[in-house]
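Here the protein sequences come in this chain order: A and B. Read left to right, the first sequence gives residues 1 to 196 (this note's numbering). Read left to right, the second sequence gives residues 1 to 196 (this note's numbering).
Hint data in this document are derived by calculation from the structure and do not stem from the laboratory. There may be inaccurate statements among the hints.
Copies of the same chain look alike in the list, so a pair counts if it works inside one copy or between any two.
Unchecked claim - Computed list of lysine to any residue pairs in SDA-like fashion (alpha-carbon distance at most 20 Å, straight line):
1) LYS106 <-> GLN125
2) LYS106 <-> GLY67
3) LYS106 <-> PHE122
4) LYS47 <-> ARG61
5) LYS65 <-> ALA52
6) LYS106 <-> GLN118
There are 2 protein chains.
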Amino acid sequence: MTIDEKFMKKAIHQARRAAALGEIPIGCVIVCDGKVIARGFNQRLHKHSTLAHAELEAIDRASRKLGDWRLEGCTMYVTLEPCQMCSGALVQSRIDRVVIGTMNPKAGCAGSLLNILQMPQFNHQVEITYGVCEKECSAVLTDFFADLRVRVKEEKAARKAAETASLVRMRSEAGTEPPASADPSEKKPQKSEENP
Amino acid sequence: MTIDEKFMKKAIHQARRAAALGEIPIGCVIVCDGKVIARGFNQRLHKHSTLAHAELEAIDRASRKLGDWRLEGCTMYVTLEPCQMCSGALVQSRIDRVVIGTMNPKAGCAGSLLNILQMPQFNHQVEITYGVCEKECSAVLTDFFADLRVRVKEEKAARKAAETASLVRMRSEAGTEPPASADPSEKKPQKSEENP
């Protein structure tokens, strides 16, 4: 196992922590002088915050740990290609290098839609290594979404069964005739019949 | 005074709070339903964090206040054009509109180097209004940097004066002859003279 793979496995562990909370599983670690100095995983739903992406959580912790907003000499290992906000934060942090597990063709900004990390017009460019533990990083996400689809389908089926049971109970309580709201085809009495 | 000018004045007040701490004066407010729901000013040095830009501080507070990572229906008023990180965060937050005081031609990403707020390839685009209270927003920054230059010059002069005073004192303590470190031209005794 290479050094990059060793640290990416730690990022994958962080992604699994997000999945355990029902959050989209993205994780990362920041390494300085061969040691992990900060960890982060996506917690956007639980923290009710736009900023609670894995990368920003880790950048904030690393800055506080080093006592400096600059993360020079550091490397981030992240399971999914960063978005526009996180790529921007990585440039702002002056981090040396970012190692990416799998790409995000629909929203990634480190090579897919844009490459914010390496734009010559900015005052800092970040070295990038792509595809470290790619299959495993990708599987964490596809497994999560497959489970989510099954769960949503099961919840939908359970909701439908509960609605049917409720309708049957209402019809039973009302005798043979279902309530008006349950059967819109029921014929309403005509005004002319009420007031001949 | 227009409504936009009224809220931009509040953002300028935030920028002045940053200046009072010696931070680059950038301030912003987030408005929802005609009320300010969050404020922020640059505190990158004091918080030792890459993320402590005015915009991110305010986005975080607004998300927590609304209990949702989405800032739909909100407008940000910010004194300086946002950087790549803050522009990315604004897109991520799904904010409706951003009102900008003055542009940042060297690093701005809402129209200068890039326009991250309005890229069609992203899943959200932000309405932008430029140049509200532009002169005042610009003056807050130019005044700050002018003061900083004066301060740096004064500190340099004070340091030089202290060094000169120290050198004079050392020479005075050593009689007429200055110490070796202070005058490298001083002639060292020759070995041959010590051990003839």
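Status of the hints after comparison with the structure:
Taking the shortest alpha-carbon separations for LYS106 and GLN125, only the inter-copy value of 15 Å comes in at or below 20 Å, while the best intra-copy value is 22 Å. With identical chains, the CA atoms of LYS106 and GLY67 are never at most 20 Å apart, being 35 Å at best within one copy and 27 Å at best between copies. In this assembly of identical chains, the alpha carbons of LYS106 and PHE122 lie at most 20 Å apart only when taken from different copies (8 Å versus 23 Å within one copy). In this assembly of identical chains, the alpha carbons of LYS47 and ARG61 lie at most 20 Å apart whether taken from the same copy (16 Å) or from different copies (11 Å).
Proximity of LYS65 and ALA52 under a CA criterion of 20 Å is satisfied in both settings, with 18 Å inside one chain copy and 15 Å between copies. When the C-alpha separation of LYS106 and GLN118 is checked against a cutoff of 20 Å, the pair qualifies both within a copy, at 19 Å, and between copies, at 16 Å.
Violated hint for the displayed structure: number 2, the only one.
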